[in-house]
Amino acid sequence: MTNNWQKLWLKTLKLWVIINLLNNTMKKYTNTGNKDTRSGFGAGLTELGQKNENVVALCADLIGSLKMDDFKKNHPERFFQIGIAEANMIGIAAGLTIGGKIPFTGTFANFSTGRVYDQIRQSVAYSDKNVKICASHAGLTLGEDGATHQILEDIGLMKMLPGMTVINTCDFNQTKAATLAIADHHGPVYLRFGRPSVPNFTPENGEFQIGKAVLLNEGTDVTIIATGHLVWEALLAAEKLEEKGISAEVINIHTIKPLDEEAILKSVKKTGCVITAEEHNILGSLGESVARTLSLNNPVPQEYVAVQDSFGESGTPDQLMEKYKLNHASIIEKAEAVLKRK
Amino acid sequence: MKPNTQQLNDFSTQVRRDILRMVHAVNSGHPGGSLGCTEFFVALYQVLMERKEGFDMNGNGEDLFFLSNGHISPVFYSVLARSGYFPVSELATFRLINSRLQGHPTTHEGLPGIRVASGSLGQGMSVAIGAALAKKLNHDNHLVYSLHGDGELQEGQNWEAMMYAAAYKVDNYIATIDVNGKQIDGSTDEVLHMGDLRAKFEAFGWDVFEIKEGNNIEAIIAGMTEAKSRTGKGKPVCVLLYTEMGNGVDFMMHTHAWHGKAPNDEQLAKALAQNPETLGDY
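Going line by line, the protein sequences match chains R and L. According to my numbering, the residues represented by the first sequence are 1 to 342, in order. According to my numbering, the residues represented by the second sequence are 1001 to 1282, in order.
Take these hints with a grain of salt, some might be off.
[To be verified] A short, non-exhaustive set of chain L residues, derived as facing chain R with CB atoms under 10 Å:
{"hint": "1", "residue": "1085"}
{"hint": "2", "residue": "1107"}
{"hint": "3", "residue": "1136"}
{"hint": "4", "residue": "1167"}
{"hint": "5", "residue": "1250"}
{"hint": "6", "residue": "1251"}
{"hint": "7", "residue": "1253"}
Don't read these hints as lab results, they were simulated from the structure. Positions of the beta carbon are idealized from the N, C-alpha and C atoms, including for glycine.
Generate coordinates for the entire structure from the input sequences, incorporating the hints supplied.
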């Protein structure tokens, strides 16, 4: 009797799992459950704390928001609470490298970049210091706090600095992998991630190669180049485009600088047109970096999914991404538009 | 063996000549503050700091120095060269194209002796604190020194750094303030009166020591030795070093006019006559 009940229960469970998988599965990618990218950073930092004794962490009064609690708890001697003084934090981080340490600074993207641009420029970038500037709550998806906190210019600011590596990860797993990878890379890095829970679909413990694009979906009609939270939207768009008979290639550009120009040019040679998608102002964007690459090598029609030179505002992340047209619907619309220009 | 006072004064005279000739050659640079801090740099590099042979960026096992007010690069370069970090002849490339001796100090060209770029003011104290924290993590008992202009304290980042250093007991660190009372637009009192610097540092939790004769090498050595003895006691140490901008050249003293101006041929000759060659010009 018990055995039969058990079998029935198991069958039900299996059915439930399959239904759930179908809901979250596209042809090739499975969302293993929504998670925030900042927690990926926290998980990576925790692992680094155990693996690399030279890794130190600094925070400007946002330990919980940056998910740095574990590192602080496990390695109090290697954790520096700076207080609400971001300029000082960047300078102290630069100084710590001089003793051979690998400092990871943590605060919101706005306070990680715009607020401390000159400190990063002189004490970190120009001084060739091995500082990892880790920035959460980037872009509109910070949500209700509004435009004072939603920086949409940080990618532009950081990629303009000579020698700076700029990374914008798409999900929990990739953010964790990137956090581990940048510790082994010598030189200043800007690592950008966010606050909301988003689909987690890249491989767990996957390899992260700085500067190497990831081809997520092969296609022949249009190339969608996406970064950060827009990568999942690009996959959704590609699936819906396929239903309309349009074959979209999807490339995940997690490293905006140095840009994997080879991967972009190879794809564009095949498709002949491009959409770029990102949670950032169109000025100073990944899209502009792609446009430069194309104009120098193979000019083709390009459309941008990006914020159109404006500040953000308060709202829920979903409302904001819809209002500022940063979702799969916009990618589809732009794809159809760019195809007409081919 | 440490050099005696006569040798140190001769060293300082030669450094003053270097400064004057460097800024004259390119008709740019900052002679005033450089001359005012000459004896301090000579005392630091020739007597006070424990230094290793050669240069490596991490500087483990030796004292470190950070120049925050990077515009007085001429004195820094001269003392570094004459302390063996790079050839003295390279001083002739100051501010020239393709030189390692940039207008303001940088690590970017690989000049030995420089550990961070400075020039945009107010950043050096934070960097020095970071280096001091790294020394503590590395169980390295050596000290970190830094120099800042008094006018530079108008930059807010200094006060963030001061608050931090006291709160977290960064007591392996001596920050020296070059109190010459002058900045580009005039006296510091006229431009932005900063009040009582000693009281301010003390209110922030620092141990403050004053060196009234900041251009007297013996007074500097005695004062800095006292400052060293105050490290390791739970407080960061601040030295208020009272200097005369343009020291050693009579017409450059008691004025802010030579903050960022080079002498012409005639002025150079006059200034050099007051500072006869001692160790040999570059």
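Here is what the structure says about each hint:
For residue 1085 of chain L, the interface hint is violated, the least distance from its beta-carbon to any beta-carbon of chain R being 16 Å, above 10 Å. With a cut of 10 Å, the hint placing residue 1107 of chain L at the interface with chain R holds, because the nearest CB-to-CB distance is about 5 Å. Given the 10 Å rule on beta carbons, the hint for residue 1136 of chain L holds: about 9 Å separates it from the nearest Cβ of chain R. Here the hint on residue 1167 of chain L is kept, as its CB sits about 8 Å from the closest CB of chain R, short of 10 Å.
Interface hint at residue 1250 of chain L: violated, since its Cβ lies 35 Å from the closest Cβ of chain R, which is beyond the 10 Å cut-off. Because the closest C-beta pair between residue 1251 of chain L and chain R is about 34 Å apart, greater than 10 Å, the hint is violated. Violation of the interface hint for residue 1253 of chain L is found here, the shortest Cβ-Cβ separation to chain R being roughly 31 Å, above the 10 Å cut-off.
In the structure shown, a violation is registered for the earlier hints numbered 1, 5, 6, 7, in ascending order.
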